[in-house]
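*Asks:* Sequence:
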Amino acid sequence: MHAFPSPCLTLLSLLILSLAVLLYPTGPTSVLSSVSSLVQLRTCPHSLSESVSPHSPSWGTWFHPQRLRQQPGQSTTKQRPGWNLLYHLGGNGPWVQRADPALTTSAAAEIAPPDGCTVDQVHLMSRHAERYPTRSAGGRHLALLTRIKATNTTVNGSLSFLNDWTYFTDDPSRDFEQLTTTGPYAGTLEAFTTGVRFRTRYAHLLPKGAKTRFWASDSARVIDTARYFASGLFGLDWETKGKAELEIIPETLERHTDTLTPGDTCLRYIEDTAKGHDYGVNMLTLFQDVYLPAIAHRLVHEQGNHAIGNFSNVEVYSMQEMCGFETIARGSSPWCDVFIVEDWEHFEYARDLIHYYRAGPGNPYAGAMGWLWLNATANLLQRGPEAGTMFFSFVHDGDIAPMLTALNIFPDPKYDPHLPVTHIATDRVWRMSTVLPMGGRLSFERLTCGKWPETEPSSQTSNFVRININDGVVPLPDCHSGPGGSCPLEQFVERVRKRREEVGDFAEVCGVACLQRAEAARLFQEALFSYVETAIGILGVDEVAIFSFQTSREQRDLGVEIPQKNSDEIPFAD
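Counted the way mature numbering (1 follows the signal peptide of the UniProt record, and there is no 0) counts, the sequence shown spans residues -20 to -1, 1 to 554.
Quick caveat, the hints were computed from the structure, so don't treat them as lab data. Glycine residues also receive a C-beta, built at the ideal position from the N, C-alpha and C atoms. Treat each hint with caution, since some may be false.
Here are the simulated SDA-like cross-link-like pairs (lysine to any residue), alpha carbons at most 20 angstroms apart as the crow flies [to be verified]:
hint: 1; residue 1: Lys478; residue 2: Pro393
hint: 2; residue 1: Lys255; residue 2: Asp485
hint: 3; residue 1: Lys255; residue 2: Lys478
Taking CB as the label site, the calculated pair distances span [unchecked claim]:
hint: 4; residue 1: Pro365; residue 2: Ser140; range: 55 to 63 angstroms
hint: 5; residue 1: His281; residue 2: Arg310; range: 48 to 56 angstroms
hint: 6; residue 1: Gly119; residue 2: Trp145; range: 15 to 23 angstroms
hint: 7; residue 1: Pro273; residue 2: Arg363; range: 54 to 62 angstroms
Given the sequences, and given the hints that come with them, work out the whole structure.
*Replies:* Now the structure itself:
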């Protein structure tokens, strides 16, 4: 009989460890070794309340205070009763649990494995945790604040807080683009507690005596997210004890094709200024012209701030951005109270437009780019736990949106592939606030279940794939006949195969067909299979070949000239 810690003791232990993580934001150190055992959380018995269940999406703790009460700067007299701004920031705010009744069926609401089923393999694709603004966005914020200060005037109305307000970092050069380390929404804390959640739910999948390999794109905030996650999942000694190994994937075209950062390896996507990466910003700009001038007029003319001069679209948009960023760093923000509900609904839609046209269903390259990771994952799901039990990938939101497009989990026949930029499509399906918040994550669970009513009579066990987005199970619209809204494994694999026919071949769509087909296939699979001696390369719809990892570096260099883009040069980049 195992002894389980009381809920209060478990919570206290987590808080102590979380404080330690915040005090040492550069990463786990030996100073934390004295509390390392606290990471080894055990599953609470079923007799305890749902709030401490390992599968409960709602952990009523300080880690996610938005679940306990409305925070200052999140709900005011300007907002509707029960309306929570954190669920309308379009990915520009802290992690929130997905809660969308229209897309989450009652049969799939519980994230614990369905009765008679166990999870024998799990895949995670996660956006980096909460961060400070990028240098590009932060530069816009500081430029606005400098201009207002230069007027040497008293600010009135909803902007009057600026008379004694300070920016949420006193060292922008240090903090911009990095994870936040303060407040209840600290990115370091969110990443760590996500690891604890996964350990609590999937401890039975931890390999015994074997090293788990996981992946992160080559960005400091992404790498830090992966490392804090690993500390929560494997323990603070995951590196020194060889429990896991982090592989960093370059965010450049030098790999030609890879599953993790397809937007950085699709040549046409980068070069096509009309319908490629910049498509999202172009459409955002059109919509900004629709909704921002009226807000700018209100802030200046209706509140007696004529001395400041007129606000540009970019300046008002920057004000809305600062609401989310300051909330992440400080827990709340007076910027959130500057705007009414309708303003935030427009901001949310503007953010949806960026994702939709930059790397979502509105972008002609997105599906082919996202299919690479999806296909590699489908192969592993089909092979089962013999291929490994845990696969974790950490990226940017611009890498997740293509996979969602390839997966076609949010089809919208009314609008796809053209969301309007003249008005809000209030009945749209594509809503990223609860899909791609900072720290947003999507998991694929391979379920092994006892005899299922819809399987063949002779079958004793069946396998299914269940999708979890931010602690909310989301069934595939056309494949959810399995337990808990899951999709039968073979149907899922076939669905992924058909999606390739619909979204196109990566090499052809992206203009890298000149590469040797076998080499390109081997490269894009290497990101997920580098922990073994061989990799499966997909040569076509039906043909599969095995390639050795002994290929020389000279053979990999195919002599393709590769243009590079700095993230600072890309407006509104993640």
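*Asks:* For each hint, tell me whether it holds in the structure or not.
*Replies:* Each hint tested on the structure:
1. Lys478 x Pro393: 18 angstroms, holds
2. Lys255 x Asp485: 18 angstroms, holds
3. Lys255 x Lys478: 24 angstroms, violated
4. Pro365 x Ser140: 55 to 63 angstroms: Between Pro365 and Ser140, where Cβ atoms are some 60 angstroms apart, the hint holds.
5. His281 x Arg310: 48 to 56 angstroms: Given a distance of about 30 angstroms, which is not inside 48 to 56 angstroms, the answer is violated.
6. Gly119 x Trp145: 15 to 23 angstroms: Distance hint for Gly119, Trp145 holds at roughly 19 angstroms.
7. Pro273 x Arg363: 54 to 62 angstroms: 55 angstroms, holds
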